[in-house]
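Protein chains in written order, with our numbering: chain A, 2 to 202; chain B, 2 to 194; chain C, 75 to 468.
Think of the hints as simulated: they come from the structure by calculation, not from any bench.
Predicted model, so just to flag it, every value in this text is computed and none were measured.
C-beta atoms are modelled at their ideal positions from N, C-alpha and C, and glycine is treated no differently.
Hints are supplied without guarantee of correctness; some may be wrong.
Stated by the list, open to error - No more than 25 Å apart at the CA atoms, straight line, and that leaves these computed lysine-lysine pairs for DSS-like: (1) A:Lys-92 - A:Lys-187; (2) C:Lys-149 - B:Lys-144; (3) C:Lys-237 - A:Lys-77; (4) C:Lys-291 - B:Lys-93; (5) A:Lys-77 - C:Lys-390; (6) C:Lys-149 - C:Lys-397; (7) C:Lys-390 - B:Lys-3; (8) A:Lys-77 - C:Lys-388; (9) A:Lys-90 - B:Lys-170; (10) A:Lys-16 - C:Lys-237; (11) A:Lys-9 - C:Lys-291; (12) A:Lys-155 - A:Lys-187.
Stated by the list, open to error - Below, a sample of chain A positions facing chain C; criterion: calculated Cβ distance under 8 Å: (13) Leu-3; (14) Gly-10; (15) Gln-118.
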Amino acid sequence: MLGEGIIKGMVETAKNFFGSYFSAERLTTVEYPEQRIAPYEAARVFPFLVFDSKNHAGGTDWESGLRCVACQICEKECPPKCIFIEKSKDKKPDALGRLQFYPARFDIDISVCMSCQICVEVCPFEAIKMDTEFELSTEDRFGGLLLDRKQLAKSNQYYHQIHPAEATGVDAKLAAEKIKAHAKVKITDEAKTAAIAGAGA
Amino acid sequence: MKTVEEIKAMIEAAVPGAVVEIVPNPSPSGQHSLRLAPECALAVAKFLRDDAELRLDFLSNVTGVDWPDSLEAVYHLYSVEKKHGPVVIRMKTVNRTDQVELPSLTPIWRSAEFQEREIFDLYGIIFTGHPDLRRLLMWEGFKDHPMRRDYREPDDYEYEPTAHDDVLKRAQAHQVSATGQPIPGQEGTEDAA
Amino acid sequence: MSEMQSHSAILADKPQGWNRPAAIEPQNEGELLEVSMGPHHPSTHGVFRMDVALDGERVIRLKPVFGYLHRNHEKLAEGQSYLASMPYTDRLDYICPITNNWAYALAVEKLIGQEVPERAEYLRVILGELTRYQNHASSIGFLIQEMGASGTPLMYAFREREKILDLFEELTGARMMVNYMRFGGCRVDASPGWLDRTRKVVAGLSGFADEFDQLLKSNEILMARTQGVGVLRPELAVNAGVTGPMLRASGVNYDIRKVDGYGIYNRFNFRVPLGDHGDVYDRYMIRMLEMRESIEILNQALREIQPGPVMDPKAKIRGLRPKPGEAYGRIEAPKGELGFYLISDGGPNPYRYRVRPPSLINLTVLEDMCLGVNVADVVLIFGSVDIVLGEVDR
Chain A
2 MLGEGIIKGM VETAKNFFGS YFSAERLTTV EYPEQRIAPY EAARVFPFLV
52 FDSKNHAGGT DWESGLRCVA CQICEKECPP KCIFIEKSKD KKPDALGRLQ
102 FYPARFDIDI SVCMSCQICV EVCPFEAIKM DTEFELSTED RFGGLLLDRK
152 QLAKSNQYYH QIHPAEATGV DAKLAAEKIK AHAKVKITDE AKTAAIAGAG
202 A
Chain B
2 MKTVEEIKAM IEAAVPGAVV EIVPNPSPSG QHSLRLAPEC ALAVAKFLRD
52 DAELRLDFLS NVTGVDWPDS LEAVYHLYSV EKKHGPVVIR MKTVNRTDQV
102 ELPSLTPIWR SAEFQEREIF DLYGIIFTGH PDLRRLLMWE GFKDHPMRRD
152 YREPDDYEYE PTAHDDVLKR AQAHQVSATG QPIPGQEGTE DAA
Chain C
75 MSEMQSHSAI LADKPQGWNR PAAIEPQNEG ELLEVSMGPH HPSTHGVFRM
125 DVALDGERVI RLKPVFGYLH RNHEKLAEGQ SYLASMPYTD RLDYICPITN
175 NWAYALAVEK LIGQEVPERA EYLRVILGEL TRYQNHASSI GFLIQEMGAS
225 GTPLMYAFRE REKILDLFEE LTGARMMVNY MRFGGCRVDA SPGWLDRTRK
275 VVAGLSGFAD EFDQLLKSNE ILMARTQGVG VLRPELAVNA GVTGPMLRAS
325 GVNYDIRKVD GYGIYNRFNF RVPLGDHGDV YDRYMIRMLE MRESIEILNQ
375 ALREIQPGPV MDPKAKIRGL RPKPGEAYGR IEAPKGELGF YLISDGGPNP
425 YRYRVRPPSL INLTVLEDMC LGVNVADVVL IFGSVDIVLG EVDR
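For reference, chain A alone in the conformation it holds in the complex (with noise of 0.2 Å):
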C-alpha cells in the first residue's frame, strides 16, 4: 500500500512523543536554570589554583596557602599561551617546610583557555587543578575575562567540594610525600648527630 512507510515511521514518532509522558527514557530534557543535572566528577571547565588554609606559612588566607610555586611548567606547556606568570623576588615556606618562591602575578585569560587540562596533567606541586564553574560571563569584555590570582585561589575544601575522590587522592599523595620528606630530614639529622658523636669520640 502506498504510504505504508510513512505510517510505520509515524508510529514511531507517536510512540516517542506519547512515551515521553510515562518514562523517562524519552524525555530527556530538563527544565534549566531552574532544574539543574549535577556535573560528573571529572568534569572541567576553567584551571584554578589551590591554596591550603593549614599551611607552614603560618596565616590562613589564600595569598600564603597557595600551593604555587611559579615553576611556570604551566605557562610554557599551555597551548594557547593563556597563562602569565610573574615569580616573586622573595620566597615563603610550602607545604613541605621548603622556602620556594610564589607567584607574584598568575592571570588566566579565560576568554582563550580551552579547557584541554593539560596545565593540570603537567604541574608537579598539585597547585592548579580545574573548575567546574561555567556561568562566568561578563560584561566587560576585556579585563572581565582575564582572572587573577586572587579570583582563581580557592580552597582545598572547595575542590573536595567539586572532585571528591580526585581531592582525597590528592591529599593522601601531599601526605606520602610529606612523611618521605621528613623521614629524609630525620636521616640527615641522625646521620650529623652521628658524625659529631664519631667526631667527639
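Given chain A, put chains B and C in place with the hints provided.
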C-alpha cells in the same frame, strides 16, 4: 609489497630516462620515499598507476613542505585493488623565489585537484597542467603564501593580556594607545590583591 | 570473518584518467542564473559556499568555495610541542574528537616507534566505535533534516548522542573536546563502574538503531528523493581519493580497519557493508549498517577488555623530541581516511604537520555528482557526503 629499491628498479626499467632517487627515512615508521625529477614525474605517475603489479590507483595525501632552499610536494600512494601501500614520492622545486613550477599529477589522480590547489594557495608552488589552479582556503586577491616559514602575519596584536615570546614583541608596540594611556591589563605588575 | 560481496567486476574496469562529465547544453545560451548557496545557509553543514550556475532548476556548474573556518591549525602546530597540538586536533572534526586524537596519536607513535598497552587499545576501540555510532546517527539525522523532516530524526539521534557524550564526560572530563589520547596510550583509565555504564548504554544502542530504521527505511518520500540521485561510479571514487562510507556505498571494498589493521582491529569479527548503486540512498543505508557493525565491535571489545595499564610507563609526554624522520599515520575515521603526516627535525616542535582531511577530499567529486540535477537534490547530495567544516578548512 615491494621495497623502495625494487620499485625504483621497476620505474627505471619501464620509464626510460626517469631520474629517481631514494630518500631514506630514519624514523621507526620505515616509510622511505622516492624523489622524482619534475620532467619525468607525469610518466612515472602513469606507470605507477597502471602497472599490473603495483596498481597504485589511490592518491591519499599531497603535502607541501617548505625547506630552506626549495619547496617540495610529497605524494602518498596506496592501492585499493591490491590493498598495499604507502608508496611515497616527492618532487622538489628549483628554488623558493622564481622557479617554483612542478607538474601537476591531477590528470593521473583526480584527488590531487583540491590538494594541489591548497599547496598553491599556502606555499606558492605552481602546478603546470592543473585544470583549475586558484586559491582554495584564502580568498582570491590574497597576496602572500601563509604556510611559508617567512610569512609575516598582519598586525592585530592590540589586546594580548597573556603575551609570550614573539607575540609579546609584537604586542609591545601597541602597549600605549593613541591617547597615551596604557591599555588595561597590559601595564606592569598590577595585582588586584 | 564474512564480508558482504559486491560486484568485483566493477573494479576490473580500467581506471580512467582525467574525466570530466560532458558539458550539459543550457537551453538559453548566456542566461545562466548564478546562485551562491551559502555561507549563511541552514543546510550547508557549516560555513560552506557553493557557486552554482543554474539553467532553471538544473545545475550546469557547481564550484565549492570554502576557507571560512580556516584556523591555521597546521602552522600553529609548527610553533608548539607535539602534546600541545593534541587539544587542537579535537577541534578538527568536531563531531568526532576521539578519532582525530587517535589518528594524531597513531602518527606520532609511528614516528617514534612507541608501543601501546593492550587495555589502552581496547579503550581506544570502544571510544572510537561509540564515536562512529554517534557520528553516523547524527549524519543521517542531518541528511533527513535537509530533506525537510524538521529535525525529528535528528533529535532522536541526538538523544542517543547525549548518552554517549555523558559517558565521555564521565571518563575524560569533557563532552566533546576530550583531549584523551596520548602518545603511548590513553590519559586516564576507565573505572569498572564506567565500563558497566558503557555496557548498559551499548545494550540500548541496537534498539535505537531498530527504531531509527523503522522510522526511515521504507519511507516512500525518502526513497523517492534519494534513490538514483547523486550516483558516484566506483572508478571515479577511487581515482578521486574518496574514502569512508561514500566509497563503500559505491561498491569498493576498502575499509582501513581491515586493510591496515591498526590497533587491535584484527581481533574483532565485523563485516564491511558495501553498496550497489552509489546513490544517496546507498550512503544512508551504509551508515545505518555501519552503526550496527559498530555495536558488534563494541560488544566484543567490552567483553574482552582486561585490567592493566593504560599508558606505557616509558612514554614521554612532555618534552617529546622525536628523532628526525617522517611518518604518515591514518585511521578509518567516521568520515573517511583521516591521516596525519609529520616531519620531525629533532626539535620539540614538528617541522611539518599535515592533516589529510577526509571531508575535503570527498568534496572533489561534488560537482560530478551534482551536474544535471535539480537544486533540491544538490542539498541532498551534499548532505550525503557528510562533511564537517572544521576538517575541510582546518
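ask   = When you check the alpha-carbon spacing of Lys-390 of chain C and Lys-3 of chain B, does it fall within 25 Å?
value = 34 Å, violated
inquiry  = With the threshold set at 25 Å, check whether the alpha-carbon distance from Lys-149 of chain C to Lys-397 of chain C stays at or below it.
reply    = 20 Å, holds
ask   = Lys-291 of chain C and Lys-93 of chain B: Cα distance at most 25 Å?
value = Violated: Lys-291 of chain C and Lys-93 of chain B sit about 51 Å apart, past 25 Å.
key: Given pair status - Lys-237 of chain C, Lys-16 of chain A, alpha carbons within 25 Å   = 20 Å, holds
query = Quick one, is the Leu-3 of chain A hint okay against chain C at 8 Å, beta carbons?
reply = 7 Å, holds
ask   = Lys-237 of chain C and Lys-77 of chain A: Cα distance at most 25 Å?
value = Cα-Cα ~36 Å, so violated.
query = Within 25 Å, alpha carbon to alpha carbon, are Lys-155 of chain A and Lys-187 of chain A?
reply = 33 Å, violated
task = Compare the distance between the alpha carbons of Lys-92 of chain A and Lys-187 of chain A with 25 Å, and conclude whether the hinted pair is satisfied.
result = 24 Å, holds
Hint consistency between Lys-77 of chain A and Lys-388 of chain C [alpha-carbon to alpha-carbon, up to 25 Å] = 22 Å, holds
query = Are the Cα atoms of Lys-9 of chain A and Lys-291 of chain C separated by 25 Å or less?
reply = 10 Å, holds
request  = Take the C-alpha atoms of Lys-149 of chain C and Lys-144 of chain B, compute the straight-line distance between them, and say whether it is at most 25 Å.
outcome  = Given that 25 Å is the threshold and the Cα spacing comes to 18 Å, the pair holds.
message = Does Lys-170 of chain B sit within 25 Å of Lys-90 of chain A, going by the straight-line distance between their CA atoms?
response = 24 Å, holds
In this structure, the earlier hints numbered 3, 4, 7, 12 are contradicted, and the remaining ones agree with it.
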